[in-house]
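Colleague: The primary structure of each chain is shown beneath.
Protein chains: 2
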Amino acid sequence: MKTKIIKEFGTPCLIIDLDVVERNIQRAQKLCDKAGVANRPHIKTHKSPLLAKMQIEAGARGITCQKLGEAEVMADAGITDIIVATNLLGAARSGRLAALQQRIALKVCADNPVVLEAYSNAARESGRPLDVMIECDTGQKRAGVETPGEALALAQIINNDPMLNFAGLLFYPALDTWPETQIFLDKMIRGFAVLGMRHGIISTGGTPNFPNIGKLLGATEHRAGTCIFNDRMMIEAGFAQQGDCALHVFTSVVSRGGEDRGILDAGSKTLTSDTGGLDGYGLIREYPKARIHKFAEEHGFLDLSRCHTKPEVGDILRVIPNHVCVTVNMVDQLVAVRGDTIIETIPVSARGMLI
Amino acid sequence: MKTKIIKEFGTPCLIIDLDVVERNIQRAQKLCDKAGVANRPHIKTHKSPLLAKMQIEAGARGITCQKLGEAEVMADAGITDIIVATNLLGAARSGRLAALQQRIALKVCADNPVVLEAYSNAARESGRPLDVMIECDTGQKRAGVETPGEALALAQIINNDPMLNFAGLLFYPALDTWPETQIFLDKMIRGFAVLGMRHGIISTGGTPNFPNIGKLLGATEHRAGTCIFNDRMMIEAGFAQQGDCALHVFTSVVSRGGEDRGILDAGSKTLTSDTGGLDGYGLIREYPKARIHKFAEEHGFLDLSRCHTKPEVGDILRVIPNHVCVTVNMVDQLVAVRGDTIIETIPVSARGMLI
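Read top to bottom, the protein sequences are chains B and Z.
Take 1 as the starting number for the first sequence in the UniProt record's numbering and just add one per residue.
Take 1 as the starting number for the second sequence in the UniProt record's numbering and just add one per residue.
It cannot be assumed that every hint is accurate.
Here are some chain B residues the structure puts well away from chain Z; computed CB gaps all over 12 Å [what the hints assert, rightly or not]: (1) I104; (2) P129; (3) R306.
A few chain Z residues that face chain B, going by a derived Cβ cut-off under 8 Å, partial list only [said to hold, decoys possible]: (4) K7; (5) K44; (6) L89; (7) A91; (8) D111; (9) R142; (10) D265; (11) S268; (12) K269; (13) T272; (14) C325; (15) V331; (16) V335; (17) G352.
In case anyone wonders, no lab produced these hints; they're calculated from the structure.
As the structure is a computational prediction, the values presented were derived from the model and not from experiment.
For each residue, glycine too, the CB sits at the ideal point set by N, CA and C.
Model the full structure from these sequences, guided by the hints.
Modeller: Now the structure itself:
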């Protein structure tokens, strides 16, 4: 397998095993089904219409994107039920949001009135009302309004604007803020009742939150990205085991300096400098005690001091990246295999979408 | 200018000012000219044939690449004097090195016999000898042989192989290892004399090493990448001032949570998680005391606690990235301006070349 890969593609190269991908897609779908919420996978992880369609065929209601450019690529491929889960200010002001909104009924998100105004202008430009969800923050200190009062105020602005439709609430709750999310949501539901508004989609998110899926009463959808491939962070989080990791970076040992040093041909321009909060930059399957401790742009530096046997120059190693979403975003294609057979190359069509 | 940019391109967007680019190209060329060494800029920073040709027109002898894929793109654009400054094992074994070697007389690098063997096989496949330089490490603990003895042994392997030509030595000396590099090089020159070999190119590298250019007696070329754009690392290193930074990431403030928090639409998929050893992820020109302290994939999280005035949602900010080379590698195009006028878009044609 390694020999075939290097002959056809060289190294470094990103390999996904479709058998594992399919198993992972099924697993996420079943977890959603069991909890009684719709599955709306986040495609930021794979950025591939082909893989998004596999998720939809397995039962997903639609998809989640993080960038308008990603939604454009997915719409081009015929996928039309899309939430873009972020404040789309740059895209709204550039005219690209209006252009896409003319083609499909997009759902977008906001956490402030400035973005709502840009959405309203974009909808006017496109000629039809835009579905808007409100992003809510229940302790993560990421994007999102922090109180039900603010969320209801935004919902009313949307409700009063003929060019905007209120479409629901977007949460990104972590394990430790789940009860707070319930309190927040209950207050919102009471508020909606007073205002005579429908609550729309109630979306929760995140692969590490699957163990809590179903606990938020009122949730209607879950969006998770990483679970299609998994990575070292998901292993650390207890959600995945090594065999659940569908993506490996195949990389060659290109140099050995001294007893304990080695150099891979995968550096920060392949694996990225995103540690995901872990020690070292990836798990080497063949040498789990080797530590990728530093990067140059095209080199990964190995500390081999804890390895009994050590890799030699020319060896090809398989690395599970710490954070698979940012690694996939570095490349234009993935090589899809089943076990030892190379099946096809899959373009990462929505890679590098800034807007 | 900001309004024009967001209307035409949205945010985030990478903007280069060609006036500053031209000034930076001239500056590097003059520093090389004054030191009496040839200029061979490293194109890993810009990955653009158009910009590489501007460097050659300003006097550069040729270019340096870090990946075979980069050299392929440059060769397609008509640039033929290229050093690929790394152990090209994956590319050599895949057949792509042989294919490019059939088209142009490439110079490649090695620091071990396994790579030399792969080069020899590739050269046999291509049908003509391959020029090989030896990478030497004089204290950085990156790639490179660590002793003149090892370097001479590799030089002899190259010399004895009819499919390989010895082409020179590649150093990456830092300020604090300059005297060690001189000792290493002097031993090599004496060794070459004994062996009856010509020393070929003696290449030094790095933008931060410009202050020492000319100090290594015997050096024939210098390769520097970052100086075409500069970045926050080069400001910290004392090589550049803010006005020498040709590239800015234009980004919108898309959310404000609480008094001291803000969110940019540029995250780790735009600016990258590469800190370059600095605190925070970039210098915001309009709010130099604001700190980009954390990333999500598409969000940069601002700590505004040290700012007297604070940006509002909708403001467009200009960020000098910590490490410009990895930031450029995230995008498919740069928007080129002169002052307030948008001139053209420049494709980052050699972006994301894994091999």
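Colleague: Would you mind marking each hint as holding or not holding in the structure?
Modeller: Do the hints match the structure? See the list:
1. I104: holds (19 Å)
2. P129: holds (22 Å)
3. R306: Fine: 18 Å to the nearest Cβ keeps R306 (chain B) off the interface.
4. K7: Nearest chain B Cβ about 6 Å off; hint holds.
5. K44: At about 6 Å, which falls below the 8 Å cut-off, the nearest Cβ of chain B leaves the hint on K44 (chain Z) intact, so it holds.
6. L89: holds (5 Å)
7. A91: Cβ of A91 (chain Z) sits 5 Å from chain B, so the hint holds.
8. D111: holds (5 Å)
9. R142: holds (6 Å)
10. D265: Check passed: Cβ of D265 (chain Z) comes within 5 Å of chain B, closer than 8 Å.
11. S268: holds (6 Å)
12. K269: holds (5 Å)
13. T272: T272 (chain Z) check passes; min Cβ-Cβ to chain B is 6 Å, inside 8 Å.
14. C325: Interface hint status for C325 (chain Z): holds (6 Å vs cutoff 8 Å).
15. V331: The hint holds - V331 (chain Z) has a Cβ within 8 Å of chain B, the shortest such distance being about 6 Å.
16. V335: Nearest chain B Cβ about 11 Å off; hint violated.
17. G352: The hint holds - G352 (chain Z) has a Cβ within 8 Å of chain B, the shortest such distance being about 6 Å.
Violation of the numbered hints given earlier is confined to hint 16; every other hint is satisfied by the structure.
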